[in-house]
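With the sequences and hints as input, model every part of the structure.
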Amino acid sequence: MFNWFKKKQKSISKPNFDFEDTIEETLWEIKEEYDLETEEVEATVFQKRNYINYMNECLRIKK
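Numbering follows our numbering, with no gaps: position 30 of the sequence shown is 30.
Treat the hints as calculated values from the structure; they're not laboratory data. Cβ coordinates follow ideal geometry from the N, Cα and C atoms, glycine included. Treat the hints loosely; a few may be bogus.
Label-pair ranges, simulated between beta-carbon atoms [to be verified]:
id, residue 1, residue 2, range
1, 21, 57, 31 to 39 Å
2, 33, 60, 35 to 43 Å
3, 62, 35, 37 to 45 Å
4, 62, 33, 38 to 46 Å
5, 35, 58, 32 to 40 Å
6, 58, 20, 12 to 20 Å
7, 51, 30, 14 to 22 Å
8, 53, 25, 28 to 36 Å
9, 22, 43, 17 to 25 Å
10, 26, 55, 18 to 26 Å
11, 62, 30, 29 to 37 Å
12, 35, 61, 37 to 45 Å
Here are the simulated SDA-like pairs of lysine to any residue, each with C-alpha atoms no more than 20 Å apart in a straight line [said to hold, decoys possible]:
id, residue 1, residue 2
13, 31, 49
14, 31, 43
15, 62, 20
16, 48, 28
17, 31, 42
18, 31, 45
19, 48, 25
20, 48, 37
21, 31, 62
22, 31, 44
23, 48, 59
24, 48, 30
25, 31, 20
26, 31, 48
27, 48, 60
28, 62, 50
29, 31, 41
30, 62, 46
Listed below in structure tokens is the structure:
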């Protein structure tokens, strides 16, 4: 009668790329916790990587 109260087990999906730092790992943990879209998390991770690469290029040019 109360079977619908039980929370269904979700299969844990791992990202298809390697983590570069703990921020990316944390983003994937947040995704699992709050059931966010995979595309949103991937876009955020790639955007973060691009920003870091851009900052590194600017620092190299400045020297």
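Outcome of the hint check:
1. 21 to 57: 31 to 39 Å: 18 Å, violated
2. 33 to 60: 35 to 43 Å: 37 Å, holds
3. 62 to 35: 37 to 45 Å: About 42 Å separates the Cβ atoms of residue 62 and residue 35, which means 37 to 45 Å holds.
4. 62 to 33: 38 to 46 Å: 39 Å, holds
5. 35 to 58: 32 to 40 Å: 37 Å, holds
6. 58 to 20: 12 to 20 Å: 19 Å, holds
7. 51 to 30: 14 to 22 Å: 19 Å, holds
8. 53 to 25: 28 to 36 Å: Given range 28 to 36 Å: violated, Cβ gap about 19 Å.
9. 22 to 43: 17 to 25 Å: 19 Å, holds
10. 26 to 55: 18 to 26 Å: 20 Å, holds
11. 62 to 30: 29 to 37 Å: 34 Å, holds
12. 35 to 61: 37 to 45 Å: Once the Cβ atoms are compared, 42 Å apart, the range 37 to 45 Å for residue 61 and residue 35 holds.
13. 31 to 49: Holds: residue 31 and residue 49 sit about 18 Å apart, inside 20 Å.
14. 31 to 43: Within the cut-off at roughly 12 Å; holds.
15. 62 to 20: 25 Å, violated
16. 48 to 28: 14 Å, holds
17. 31 to 42: 10 Å, holds
18. 31 to 45: Answer holds: residue 31 to residue 45 is near 12 Å, not above 20 Å.
19. 48 to 25: 13 Å, holds
20. 48 to 37: 17 Å, holds
21. 31 to 62: At roughly 37 Å apart (the allowed maximum being 20 Å), residue 62 and residue 31 break the hint.
22. 31 to 44: 11 Å, holds
23. 48 to 59: It holds: about 17 Å lies between the C-alpha atoms, which stays within 20 Å.
24. 48 to 30: 16 Å, holds
25. 31 to 20: 17 Å, holds
26. 31 to 48: 16 Å, holds
27. 48 to 60: Holds - the C-alpha atoms of residue 60 and residue 48 are around 19 Å apart, at most 20 Å.
28. 62 to 50: 18 Å, holds
29. 31 to 41: Holds - the C-alpha atoms of residue 41 and residue 31 are around 7 Å apart, at most 20 Å.
30. 62 to 46: 24 Å, violated
When each numbered hint is compared with the structure, violations occur for hints 1, 8, 15, 21 and 30.
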